Amino acid sequence: MLFNKRRAKIETKMQHIAFIFQCWMSSFIITVTSTKSPLHFGYITTLTGSFIASGGIPAVDLALKLINERKDILQNYTLSYTDILDSKCNRTAGLDKFFELVNRDVTYVSLLGCGCSISTIPVAEISHYWNIPQLSYATGADVLTDRNRFRNFFRTLVSFHYVGISLAHLMREFGWRQMSIITQDESLFTGVAEDIKIIFNNKKWILDRYVVISGQNPLSFFDRSEAQRFRIIHINTYPDIAYQLLCEAYYRGMTSPDYLWIIPMWYNDDWWMPSSLSSYKNSSCTDAIMIKAVSGSIGFILDVFLTLQNKSLVTFSGLTPQMYFSTYTALLKDPKYENLTELGLSGVAFDGVWAIAIGLDIASKKISSGSDSGCENVPGDIVPLEQFNYTNTKLGCILRQSFSEINFLGITGQIQFNENGSRNENIVFCQQYRTTTDSSMARVTFGDVTIKPKGSIFVLKKEESNSTLWQRHGLQPPYDGFPESNIHQNNMVLIIVYDIAAVCGLVFVVICFIFNIAFRSKKVVKMTSPNLNYIIILGSAMLYTCIFFYSHSSTTKSMQSIFCNIREWMVSLGYSLCFGVILSKTWRVYYIFNNPKPNKKGIKDWVLFLIVFVVVAIDFVIILVGSAIPQSKLASFKEVDHEHLQQANEKNRIQYNFILTCSQKTGTVVWLAFSFGYKTMLQLLAIFMAFHTRRVKVRILNESKEIAAIIYINSTILVLLTVTEFTLANHHNTFAALFGLGLLTDASLFLGLIFIPKMIRLYRDPQGEKIFSDAENTCNTGASHAVTNKVNTIQMVKEDGARTGNTNRSCSTPFIFTVEPATKSKLQFGYITTITGSFLASGGRPAVDLALQIINERDDILQNYTLAYTDILDSGCNHTKALDIFFDLMNRDATYISLLGCGCSTATIPVAEISHYWNIPQLAYAAAANVLNDRTRFRNFFRTLVSFRYVGESLGQLMREFGWRQMSIITQDDLLFSRVTDELAMTEFTLATRHNTYSALFGLGLVIEASLFLGLIFIPKMICLYLDPQGEKVFSQSGATAAPSNSHALTNNSVDQKEPPEEIILNLRKRVKELEGQLNQNK
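Mapping the sequence shown onto the UniProt record's numbering, position 843 (from 1) lands on 843, and the numbers just tick up by one.
If you are wondering where the hints come from, they were derived from the structure by calculation, not from laboratory data.
These numbers were taken from a predicted model, which means no experiment stands behind them.
A couple of the hints might just be wrong.
Stated by the list, open to error - DSSO-like, lysine-lysine: derived pairs with alpha carbons at most 30 Å apart:
#, residue 1, residue 2
1, LYS333, LYS311
2, LYS204, LYS638
3, LYS394, LYS203
4, LYS522, LYS71
5, LYS462, LYS292
6, LYS197, LYS452
7, LYS65, LYS365
8, LYS638, LYS557
9, LYS394, LYS71
10, LYS36, LYS71
11, LYS203, LYS454
12, LYS71, LYS311
13, LYS522, LYS604
What the hints assert, rightly or not - Cβ-Cβ distance ranges computed for the label pairs, FRET-style:
#, residue 1, residue 2, range
14, GLU226, GLU464, 29 to 35 Å
15, TRP918, THR971, 20 to 26 Å
16, ARG520, ILE500, 27 to 33 Å
The beta carbon of each residue, even a glycine, is placed where N, CA and C say it ideally should be.
Please put together the full structure from these sequences, using the hints given.
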């Protein structure tokens, strides 16, 4: 009993001692906790702007609460942020907020920010100069993997580099071959577009690229002709622009099932609703409209945007993904966060804060142990984190090394940074917007792409198929707009019209043939060589028949080649037969009436037949040689149909039309040119002879007026056919219409003007009694010569008056005595230029030295100061090197009142963006990038060089001036050059081919019409005035214009004696000459 009592007393004392110890330990812990040192990190995010990341604030606060409750992380510190700054997803605003942070009295050991990629990039480029690590959770731009530029930057989000690879898998999976991409001109999206362009080039796919320049209306995309050709359109922009595009697409009928839109799936939930902060305010698009526009679209989202698939797995934070999601959803309902937009990638924000805490904890332990591994040669002292300052380079190096060693399991997966400061996750999910039963919108994952070093794999989920994925597209993959090939034939209306016209022409040929046979013994027909008329009938029949081969076209190359050769043979021979007869008849009249002699013999018909034979034989040889030589032989080949380049077929698919046209090889062109040249020579010869026989009045004999009309009109037609052959051969309907019209007109001209007047005269004068009556009616109308007036010549007197003036100028230069003040203060400016690199501006140094010498010698400028630079620094025309040199200048003991630099545009832009934070003006003489005109970004920047803004406009003027319609441009990936390319791309110089055809034909018609009006009126007068300046021969070559009353008997006797027609004209001509002589003597 005694032992038990003693034991009980001992146990009671031990319990008291334990309680006291526990209380003491509790008070010790409370004391220690109360003495924890605060560590602050800067927090900059995008609360407003094109991308809203305010939904990450509850996740950040939740992470800080859990971190500060833990005993194994930052034992001697509490981690927090002072306030939240809004970068507005804007470069300048992000830099403003960063400089506001680093200029505060509070020292920040890290930076969480700065929201979207646009505002993060400029800050991440300079944050290492303050020796603080920067971590971002909402930045996916691939450019941030450049460790030379972004030295202290880390992110819990992976790069968007894998989007292009994932898209390529879908292209192959669903058989797509072309796509259009709309890219916002920001680094986040331009990098994705560049990756896609490289992949498409390698795969021989077609990619239409359209860049939305900041501040411009993205809806101009729909006004481009290319917009209708592509049925799959990838939106590569922030949500506000995507909202505008899809809203406009709905009203233009460019939504499913005819079109498929690819949208980034990392947009915030309900971004497409008008009430969303990230949507573009447009009252014309309601929720119902946007649901229809967005439904069925697909997109990609990286694995790290989502929480772990295993919802029950406990992470380093102590929470499972399910617990985190429930807690985050509950926090959003808290009044403190009620106005925030839910962030779909809040998990990476939560993991980002944990990464900062773990990184600082690693650094704290290194500092406690005095370890500076990897930073031994870096100047500075190892001090506790609470004593950190922005100039401590060694501690900054330790912090960077510590963040590189982070490795833990987060809500979104394993958090570990590679050498570029990014995570190594390699899974991309493919998702689709689908309408649920309650008419709401949901994102459904239908597959994933796993990226591996040796290749990538796309896997479609088992429950997914075409029937579930493409419900709005007819249960089949959407049509990509890639045109289907089709051999296009001539328009059916054209075929019918020209076939009917050709048949009517052939009927007219038969009528003329019957007429020539039936009435060949009549004087009206007999006196015009009816045998030659048979040749005209044959040639016209060939021209009419050839119209069928122009109006019709074949879909096979072999048959079209036959058409091509038949065309050439029948046109050339038919034309030569017809025109050979006209030429021979014209020559006969010219021979008879040019220098007539009493003993000149008449021309027999066999001579005219010989002329026709020679003309046709030469043309035959030309055609035969051209058809026999392989280099010039006509053959058909497939060419783009420029008249109907594309159209929708019965399946509502774009049909790319081709035509089979005759070859236009160099040898063929030479051959055709030679053939047309030969015909042109015949035309010129005929025009010459027709002009010299234009005053012959015995019309029934020589048909001079009809033949002249044939020659003049036929010359115009020949020009039309030549232009058509060489310029419009690949415009099949236009070519067939014009060539058919020319042949139809030519054949009708030959027959009509030869036979129709004979038919009319035969009807009026069946016996031929009035053959010469028309000639008698014109007698005695021109007995007198033309009266010429003398022209008085006015002598012009030139006055040469040279204004001279002697101005005596006297100037006196007074002697100025100047005293150089000994107390002049020295002003220094920084001088950074490009001595090495892709652009050398070192030649500007002598000019700068000369300017300084002159300035310092002047007394009216900087009277109390001397201006100089300390040394010349080389930016190397490099973005990062220029920043290094600039910060080197700012950290010197010397104070610079201005900056001259930094050489080329590449080096100048990053410095000009931040130089105003040191309140110094910056001037450049070798930076011409148009982006430097943005005064909100480059506030203290000036330049003596003009912007390259007008290069694109100037080039456009040259394109229009010289009629150029296309051009290739090689552009360096630099802001100086890329913006010029973008501005040039805004101007479309590609004219629709039908416009060219219309302009060519209409212009040709106007030229021919005007030439006919002027030429036929004035050219004959010009020639007559040149040959007969005084007008003495106006009436001397009138032919039979002065026959006496008994001439009728003479001609009748001649006819009764069956004298040849040529001898009648000779006798008549002789008699007229005698009578004209008698008249002159009587006068």
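These are the hints, each one checked on the structure:
no.: 1; hint: LYS333 x LYS311; in the structure: 22 Å, holds
no.: 2; hint: LYS204 x LYS638; in the structure: 21 Å, holds
no.: 3; hint: LYS394 x LYS203; in the structure: 49 Å, violated
no.: 4; hint: LYS522 x LYS71; in the structure: 131 Å, violated
no.: 5; hint: LYS462 x LYS292; in the structure: 27 Å, holds
no.: 6; hint: LYS197 x LYS452; in the structure: 21 Å, holds
no.: 7; hint: LYS65 x LYS365; in the structure: 22 Å, holds
no.: 8; hint: LYS638 x LYS557; in the structure: 8 Å, holds
no.: 9; hint: LYS394 x LYS71; in the structure: 27 Å, holds
no.: 10; hint: LYS36 x LYS71; in the structure: 12 Å, holds
no.: 11; hint: LYS203 x LYS454; in the structure: 18 Å, holds
no.: 12; hint: LYS71 x LYS311; in the structure: 26 Å, holds
no.: 13; hint: LYS522 x LYS604; in the structure: 19 Å, holds
no.: 14; hint: GLU226 x GLU464: 29 to 35 Å; in the structure: 32 Å, holds
no.: 15; hint: TRP918 x THR971: 20 to 26 Å; in the structure: 33 Å, violated
no.: 16; hint: ARG520 x ILE500: 27 to 33 Å; in the structure: 31 Å, holds
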